[in-house]
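The chain contents come next:
Number of protein chains: 2
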Amino acid sequence: MTLSQIDEEVAKLLQLKAQLGGDEGKHAFVLKTAKGTRDYNPKQMAIREKVFNIIISCFKRHGAETIDTPVFELKETLTGKYGEDSKLIYDLKDQGGELLSLRYDLTVPFARYLAMNKITNIKRYHIAKVYRRDNPAMTRGRYREFYQCDFDIAGQYDAMIADAECLKIVYEILNELDLGDFRIKVNDRRILDGMFAVCGVPDEKFRTICSTVDKLDKMAWEDVKKEMVNEKGLSEDVGDRIGEYVSMQGGQDLAERLLQDRKLSQNKQACAGLTDMKLLFSYLELFQVTDKVVFDLSLARGLDYYTGVIYEAILSQTIPALVSTPAEQNGADEAGVNVGSVAGGGRYDGLVGMFDPKGRKVPCVGVSIGIERIFSIMEQKAEASSEKVRTTETQVLVASAQKNLLEERLKLTNALWNEGIKAEVLYKKNPKLLSQLQHCEETGIPLVAILGEQELKDGVVKLRNVVSREEVDVPRADLS
Amino acid sequence: MTLSQIDEEVAKLLQLKAQLGGDEGKHAFVLKTAKGTRDYNPKQMAIREKVFNIIISCFKRHGAETIDTPVFELKETLTGKYGEDSKLIYDLKDQGGELLSLRYDLTVPFARYLAMNKITNIKRYHIAKVYRRDNPAMTRGRYREFYQCDFDIAGQYDAMIADAECLKIVYEILNELDLGDFRIKVNDRRILDGMFAVCGVPDEKFRTICSTVDKLDKMAWEDVKKEMVNEKGLSEDVGDRIGEYVSMQGGQDLAERLLQDRKLSQNKQACAGLTDMKLLFSYLELFQVTDKVVFDLSLARGLDYYTGVIYEAILSQTIPALVSTPAEQNGADEAGVNVGSVAGGGRYDGLVGMFDPKGRKVPCVGVSIGIERIFSIMEQKAEASSEKVRTTETQVLVASAQKNLLEERLKLTNALWNEGIKAEVLYKKNPKLLSQLQHCEETGIPLVAILGEQELKDGVVKLRNVVSREEVDVPRADLS
Numbered sequence: 001m002t003l004s005q006i007d008e009e010v011a012k013l014l015q016l017k018a019q020l021g022g023d024e025g026k027h028a029f030v031l032k033t034a035k036g037t038r039d040y041n042p043k044q045m046a047i048r049e050k051v052f053n054i055i056i057s058c059f060k061r062h063g064a065e066t067i068d069t070p071v072f073e074l075k076e077t078l079t080g081k082y083g084e085d086s087k088l089i090y091d092l093k094d095q096g097g098e099l100l101s102l103r104y105d106l107t108v109p110f111a112r113y114l115a116m117n118k119i120t121n122i123k124r125y126h127i128a129k130v131y132r133r134d135n136p137a138m139t140r141g142r143y144r145e146f147y148q149c150d151f152d153i154a155g156q157y158d159a160m161i162a163d164a165e166c167l168k169i170v171y172e173i174l175n176e177l178d179l180g181d182f183r184i185k186v187n188d189r190r191i192l193d194g195m196f197a198v199c200g201v202p203d204e205k206f207r208t209i210c211s212t213v214d215k216l217d218k219m220a221w222e223d224v225k226k227e228m229v230n231e232k233g234l235s236e237d238v239g240d241r242i243g244e245y246v247s248m249q250g251g252q253d254l255a256e257r258l259l260q261d262r263k264l265s266q267n268k269q270a271c272a273g274l275t276d277m278k279l280l281f282s283y284l285e286l287f288q289v290t291d292k293v294v295f296d297l298s299l300a301r302g303l304d305y306y307t308g309v310i311y312e313a314i315l316s317q318t319i320p321a322l323v324s325t326p327a328e329q330n331g332a333d334e335a336g337v338n339v340g341s342v343a344g345g346g347r348y349d350g351l352v353g354m355f356d357p358k359g360r361k362v363p364c365v366g367v368s369i370g371i372e373r374i375f376s377i378m379e380q381k382a383e384a385s386s387e388k389v390r391t392t393e394t395q396v397l398v399a400s401a402q403k404n405l406l407e408e409r410l411k412l413t414n415a416l417w418n419e420g421i422k423a424e425v426l427y428k429k430n431p432k433l434l435s436q437l438q439h440c441e442e443t444g445i446p447l448v449a450i451l452g453e454q455e456l457k458d459g460v461v462k463l464r465n466v467v468s469r470e471e472v473d474v475p476r477a478d479l480s
Numbered sequence: 001m002t003l004s005q006i007d008e009e010v011a012k013l014l015q016l017k018a019q020l021g022g023d024e025g026k027h028a029f030v031l032k033t034a035k036g037t038r039d040y041n042p043k044q045m046a047i048r049e050k051v052f053n054i055i056i057s058c059f060k061r062h063g064a065e066t067i068d069t070p071v072f073e074l075k076e077t078l079t080g081k082y083g084e085d086s087k088l089i090y091d092l093k094d095q096g097g098e099l100l101s102l103r104y105d106l107t108v109p110f111a112r113y114l115a116m117n118k119i120t121n122i123k124r125y126h127i128a129k130v131y132r133r134d135n136p137a138m139t140r141g142r143y144r145e146f147y148q149c150d151f152d153i154a155g156q157y158d159a160m161i162a163d164a165e166c167l168k169i170v171y172e173i174l175n176e177l178d179l180g181d182f183r184i185k186v187n188d189r190r191i192l193d194g195m196f197a198v199c200g201v202p203d204e205k206f207r208t209i210c211s212t213v214d215k216l217d218k219m220a221w222e223d224v225k226k227e228m229v230n231e232k233g234l235s236e237d238v239g240d241r242i243g244e245y246v247s248m249q250g251g252q253d254l255a256e257r258l259l260q261d262r263k264l265s266q267n268k269q270a271c272a273g274l275t276d277m278k279l280l281f282s283y284l285e286l287f288q289v290t291d292k293v294v295f296d297l298s299l300a301r302g303l304d305y306y307t308g309v310i311y312e313a314i315l316s317q318t319i320p321a322l323v324s325t326p327a328e329q330n331g332a333d334e335a336g337v338n339v340g341s342v343a344g345g346g347r348y349d350g351l352v353g354m355f356d357p358k359g360r361k362v363p364c365v366g367v368s369i370g371i372e373r374i375f376s377i378m379e380q381k382a383e384a385s386s387e388k389v390r391t392t393e394t395q396v397l398v399a400s401a402q403k404n405l406l407e408e409r410l411k412l413t414n415a416l417w418n419e420g421i422k423a424e425v426l427y428k429k430n431p432k433l434l435s436q437l438q439h440c441e442e443t444g445i446p447l448v449a450i451l452g453e454q455e456l457k458d459g460v461v462k463l464r465n466v467v468s469r470e471e472v473d474v475p476r477a478d479l480s
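Listed in order, the protein sequences are those of chains A and B.
Mapping the first sequence onto the UniProt record's numbering, position 218 (from 1) lands on 218, and the numbers just tick up by one.
Mapping the second sequence onto the UniProt record's numbering, position 173 (from 1) lands on 173, and the numbers just tick up by one.
Simulated from the structure, these hints should not be mistaken for laboratory data.
Be aware that one or more of the hints could be misleading.
Note: identical chains are not told apart, hence a pair may lie in one copy or across any two.
[Said to hold, decoys possible] Cross-link-like lysine to any residue pairs, in silico, SDA-like; alpha carbons within 25 Å at most:
no.	residue 1	residue 2
1	K215	Y40
2	K60	K429
3	K428	I119
4	K35	Y82
5	K358	L31
6	K43	I119
7	K218	Y305
8	K93	P136
9	K50	G302
10	K129	E470
11	K432	N121
12	K422	Q156
13	K411	K457
14	K50	E222
15	K75	D39
16	K35	L88
17	K361	P475
18	K232	S211
19	K87	C210
20	K32	M354
Values in this document were obtained by computation on a predicted structure and should not be read as measured data.
Based on the provided sequences and hints, a complete structural model is requested.
Have a look at this one:
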């Protein structure tokens, strides 16, 4: 039995106990959140807000609008979009009316939105929670309810310009989040398909071999080859030929070299992909991001709907709690990207057409930031740092050392609020000065406005700096 | 058949058709969002962001932290909290494991959070979507998925100070949203209960009579009385006595007058409520909000968990599309408040104790802003106004009138991004100047940075004001 199975059994038993009355009667609730989910406490929310602000600023700097879609969709909207991962979709109970499912990502609802509203051009971001009945690994930021931060560009444009902007955005965000060094791997589905073709993989095995190649960042080549040969039925030869290609990494030069490759250059798909890769790198050069971007033929990515460029960003620094255990290495993580990566995306030119009654296509390219892992890292950094995370923005606490001054405290607080100053007052008639000062120290309020009989008579407020303990009398008229 | 029944039938038939292949084969999706839900387009999101900013600023000004909880809870967490409205809860399908339901409000998850984490003091806000399988009336802002903006103060404090701050917050938010004149009705559950007792309502009928009284803002007194007498079995006399009380409105003076009332003053509950009401008004006076607050004995509110002060804010101005039709007048709206109201709340001192294994109570008071109705009003105002709502914040479009300058445009755009300037560039090799200027006009971008051979040679950029059409040459060095 695993730990989580035990937890689940315990929860079931306690639930049963509660139904039967339990030892406390009506109070015998199971006090927990649903499996794989968590509450965010104020400190976590402060970190979340900081991360979102950086990401949203970047999206806005690139001229994106934002949209929102419902948390559930008609079940059939999600059907046939996620391959075998469909089993991870949460369905709603049939309570009469439509059959509904919780969204699994933001990309399919986006495609549905475009088709439904006949939108052919948009640059939008969408930050919202998605749901997957996966095996949670919460210490590493893998949840059943988690945020996705998606940025996508839809429209028929000249090649690779929008694709390059998506990579620029990943670069900017990872830089600004200050998570240490990182790399962004790029590849192209057409290059992969062309490579499989020239290596002698039968057409119908492209997708399944693609999934196996996708494991190269967690498995040694020998094991990947074994899977290809023993499980997926490729010959040793074909495996070895794939092995040669997928060990290649480089930049624009590699694209140029492969365009000269005797076999690959014969394949139309591969040529189209390589030509675009060359163009992409020339734009990435202009965007000054080539120091972190690697053309990596082993990058495959899980989702079926990609049709062109694909990419994935990986942090170089490994943070202990974020390293996966071997038992967990088989799953894709919460952003649909491999364990270790913090962003991923690519071009999906066919998805919107799947929703359009006439099959009209809207080319799209986008990126999804794996925000839960970033939250986990930021939380650990905050824990390790001596700096305290403030959860409120209160500038001043209105306090008194003397009794019977509640009304005066409320009056002053009200005046501060009316001036737009963030102010608090304790909800006590006669709080002790010490407990008022303690409240400031605990929550990081920098100033106390102290009222006493003398201050009232003099028409002043004693402003005290909580840290330095300096005090200064300020005329009431100057405060409000 | 009602319109929504027809919609549902049509959707079912189309769904069936899609399953059977339909006339378009695999493309025969039903392109819609789930019943009672909607997408937010970029314009609606811009309005939503504006409204949220005002509300969050106010919550922060009052020193609140924020938390977040999962969109679903264990089913039993919600059980027994909503009375007969429980039928409106969305359940998730049993896919093995725990039984889950979508949250119905933010108050019950908040109480669960406090009990689970043994928190006895917190001032928090929570803005998130909640779910009710109600009859949607979407043109009036009534949805099955909708936002709640909750602010609550938990803790054992001296009477009425926190309660007064909640009313101050409603006052500030409605003022700042600029929705026209409004009133905030206040009452107290203990006053209502005391009033029912002295009027001769049997104890077991308090709650059901309370529900009937709650309809007074939509029904004439005669009809309310009829319901009490004919459906709920009160005598004419008892009904008339209630009628006398519930017609009363006033301020602190009314509380004082009722404390002298021969019958009410004999009732312990009523006296406690009236004494607190007097105190509340004295604090509201200090907070300078009594011009909008009315002590109204007809205010009852629907939810069972209130134990003390209750309140509800109503806009004075009626906006045509927001007026309810008689057929829809029976339901409570999306914020659990009556049709017409935009905020509501009260004191609930027993709810957290329902979750605590030892039944330990944490007194709470809070307010919920009925944000969907406010969105509807703001959207209608935006429609009616000539001012265009911008959906992006882009400051400058990098453009060119000449061919073959894509690389130069990308280079300049990159430089602007690196300086933190919000910039866009069209994803075309050789876009026409006209289409570049049109993009600015459509999306409200104020400036165009125009590049040409001459400008490149001179090391300048031609900055054009889109509205005034003024142009000025700026040295490249000054831009980036």
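Alpha-carbon proximity context of K428 and I119, limit 25 Å: For K428 and I119, the Cα distance is within 25 Å only across copies (19 Å; inside one copy 57 Å).
Same-copy or cross-copy closeness of K50 to E222 [CA-CA at most 25 Å]: Intra 43 Å, inter 56 Å, cutoff 25 Å: neither.
Same-copy or cross-copy closeness of K361 to P475 [CA-CA at most 25 Å]: neither (68 Å within a copy, 43 Å between copies)
Within, between, both or neither, where K60 and K429 count as close if Cα-Cα is 25 Å or less: between (47 Å within a copy, 23 Å between copies)
Up to 25 Å CA-CA - Y305 versus K218, copy category: Answer is within: at 23 Å inside a copy they meet the 25 Å cutoff, but 53 Å across does not.
Status of I119 relative to K43 across identical chains (alpha carbons, at most 25 Å): For K43 and I119, only the inter-copy Cα distance (14 Å) is at most 25 Å; the intra-copy one is 40 Å.
Identical-chain pair category, K411 with K457, by Cα at 25 Å: Answer is within: at 15 Å inside a copy they meet the 25 Å cutoff, but 65 Å across does not.
Within, between, both or neither: K215, Y40 at alpha-carbon 25 Å: The answer is neither: 32 Å in one copy and 38 Å across copies each exceed 25 Å.
Same-copy or cross-copy closeness of K87 to C210 [CA-CA at most 25 Å]: For K87 and C210, the Cα distance is within 25 Å only inside one copy (20 Å; across copies 47 Å).
Same-copy or cross-copy closeness of K75 to D39 [CA-CA at most 25 Å]: The answer is between: 16 Å across copies meets 25 Å, while 27 Å in one copy does not.
25 Å Cα threshold - placement of P136 relative to K93: Both: 22 Å inside a copy, 19 Å across copies.
Copy assignment of K358 with L31, given that the CA separation must stay at most 25 Å: Intra 50 Å, inter 12 Å, cutoff 25 Å: inter-copy only.
Violation of the numbered hints given earlier is confined to hints 1, 9, 10, 14, 17; the remaining hints are satisfied by the structure.
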